[in-house]
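Engineer: Listed below are the residues making up each chain.
There are 2 protein chains.
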Amino acid sequence: MAKKFCFETVATDKKARVGKLVTPHGEVETPVFLPVGTQASIKSLDRRDLEDMGETEPQMILANTYHLYLRPGADTVAKMGGLHKFMNWDRPILTDSGGFQVFSLGFGIEHQVGKMVDLFSKSMVLGEAVAVDPKELVVRTKLCKIEEDGPTFQSHIDGSVHFFPPEISVETQEKLGADFIVALDECTSPLHDYDYTKTSMERSHRWEVRSLKAAKQRNMFGVIQGGPFEDLRVKSAKFVSENDFFGIGIGGALVSKEKMREILDWIYPHLSPQKPRHLLGIGTIDDIFTGVERGVDIFDCVHPTRIARMGWLLTKTKNFTLDLNKVAYRLDSGPIEEGCGCYTCQHYTRAYLHHLFRARELLAYRLATIHNVYFMMSLMKDIRRAIAEKRFAKLKENWLKLMQS
Amino acid sequence: MAKKFCFETVATDKKARVGKLVTPHGEVETPVFLPVGTQASIKSLDRRDLEDMGETEPQMILANTYHLYLRPGADTVAKMGGLHKFMNWDRPILTDSGGFQVFSLGFGIEHQVGKMVDLFSKSMVLGEAVAVDPKELVVRTKLCKIEEDGPTFQSHIDGSVHFFPPEISVETQEKLGADFIVALDECTSPLHDYDYTKTSMERSHRWEVRSLKAAKQRNMFGVIQGGPFEDLRVKSAKFVSENDFFGIGIGGALVSKEKMREILDWIYPHLSPQKPRHLLGIGTIDDIFTGVERGVDIFDCVHPTRIARMGWLLTKTKNFTLDLNKVAYRLDSGPIEEGCGCYTCQHYTRAYLHHLFRARELLAYRLATIHNVYFMMSLMKDIRRAIAEKRFAKLKENWLKLMQS
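Chains as they are written, first to last, in my numbering: chain P, 2 to 406; chain F, 2 to 406.
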């Protein structure tokens, strides 16, 4: 009987590689970028908006366990036939562990990093630090408390209190029915010191082993932590490579771009080449090039869909961004980007989209999101082709030139 | 050479009639309901969402001159090739005169009727009455002033002041490039007394004659006013029937359901049978039956699209409304309505839509709007068929029974 989940490398160009992920919901070519469907919806899009992208259709998406655990609840999704059926998406789904959100409600707020800000609704979850004592390994904020058994957090929706150990994270993800799941870890803040980061990483490893034991299938990504410290990152990379995880998640890399490069360089020699590598929560276009160049296979980020709702459209121009809110586009009868094959560029002008954003028409968000998702998918396709043709370095150079143009 | 615009009656069932409107953008079968695209967008939908309704696709839509005059401006739309091209809609469009919005900023606010409330954004235009003296025929509020030459209003967007005489209304509508346009009138409030209503109606008639003279094509609807007063309504009906308007608009009918019936009965004998009749800004399902039964051919209303964004779905049940926000639908794996052919019902469950509304996901608004527009289009199709088969009264009875079920 064939394995349900497998990964193989198809082509390489130095450390960059093209791979094939096999899942119960079909194959995925890597490097791949996963649009994020936080609450079982890629904001403003439906199944067909993605399907219509044809060859450029997203191959896999990410959904957030934290959000779905709270609303509508994993049992609800399970009763509705699982996430694929619930949201009408029949290609692969990866769910995260919920850890990042749980901790971004704690340290994130305390350290002013990784706050849960919904840019669309402009609503912000406000936390209040109650007591911080890293030495005691118990950090309390209003919304999150960490103990050896697992974290306890308070819902940002209704204030209810939830104990969320690794076993519950895994059970939740399995009820959701994702193709790939992620082991529960603590995502430390870049502002944590060496001692706290080390203690946290070691606890994360224990949680990840518990996650692995709790899982029914061999479809779990372990997660490398260790903050900005080389020895910890190396230790964590070895831990994830050597344990029986299907894939390797690289967590807490959202620091500076320089530090991310360093971290990826430190861990590279210790990553099992047989396992797919997911740079969690990354990223922007330049970060994707940084990652692919260092052997990363999977990326996910809310960035392209979030900025779309602000009227920022991805284009091959300076900083890759065209701000449709600008009055310069009021009478512009061209598409967002000349030559783009996306539905929006095929049917609507910059002038109309500018109007929709000015008038805060709902349609604006969808049309802009279609373009940005399509743009990311096209980029990943170009990257895969360049690797197969051994010209990845040239492609990267051309794109980064555009960025600074 | 064939006439660009024409109307003929194809079938009748007592006063109810099936007609055919010919426009430069194709034919329209009446009775017809026009979804409203206030700001050049039927909120949350795009061209293809409508196109995909197939035989149930909206035949004609309404866009609001007041809103488009202010933003993006008629010149902008004209430079972009007109409203059809701008918004990518190649079937007929009717624009209103802008009068209703201009006056709803004045009397509407003063009398607490017809306020411009955007239920989605929860934003409300607040007006302040400065001086009211109906006897002097000059009513001032913060946002609107009426004189013989025309109204002057203040923009709800930026507070700028605009003189908006009939000639500007017509010029604006012609720049927008609508198939059908509407003469500028003053829409009085049901709280106005006989004297004010009469004086206002007579001034509206003068404005309408000026509108007619300003128009380049024979595609204008005159508007019947006269408030809740029989003699005024009859006088106004004769005025519109006898002047060279292409069609007849029935304005200010949004009073009580009983009064609307009365008004329609008073004016019926005085309506030219050759002209299509548009009951402006109406309506709900029962109001549509009331109108069709009294010879109305065209309806428009924001109701179905607005309630969709609140999670209220049109169904053949009590009050024709299913409130998807209710917890009862959390685990409901059925479609909004069994047997419905709309895209939403074909692809999504009540449970998923309930979740999207709870989570305030943008997709909720679009999927619900698709259903409600499809529902209205199906209703109108049923009405046309029933008239052609001389069983309109029976159809009406069945629907009103459902409503009270």
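Do not rely on the hints blindly, as some may be mistaken.
It does not matter which identical chain is meant; a pair holds if it fits inside one copy or across any two.
Under the rule of at most 30 Å between Cα atoms (straight-line distance), these lysine-lysine pairs were calculated in the DSBU-like manner [what the hints assert, rightly or not]:
#, residue 1, residue 2
1, K391, K80
2, K217, K402
3, K80, K327
4, K199, K395
5, K327, K15
6, K327, K86
7, K236, K395
The set of hints was computed from the structure by calculation and includes no laboratory data.
Engineer: Take the hints in turn and mark each one as holding or not.
Structural biologist: Here is how each hint holds up against the structure:
no.	hint	in the structure
1	K391 x K80	neither (47 Å within a copy, 48 Å between copies)
2	K217 x K402	neither (46 Å within a copy, 54 Å between copies)
3	K80 x K327	between (46 Å within a copy, 18 Å between copies)
4	K199 x K395	neither (39 Å within a copy, 78 Å between copies)
5	K327 x K15	neither (42 Å within a copy, 56 Å between copies)
6	K327 x K86	between (40 Å within a copy, 21 Å between copies)
7	K236 x K395	neither (33 Å within a copy, 79 Å between copies)
The earlier numbered hints that this structure contradicts are 1, 2, 4, 5, 7.
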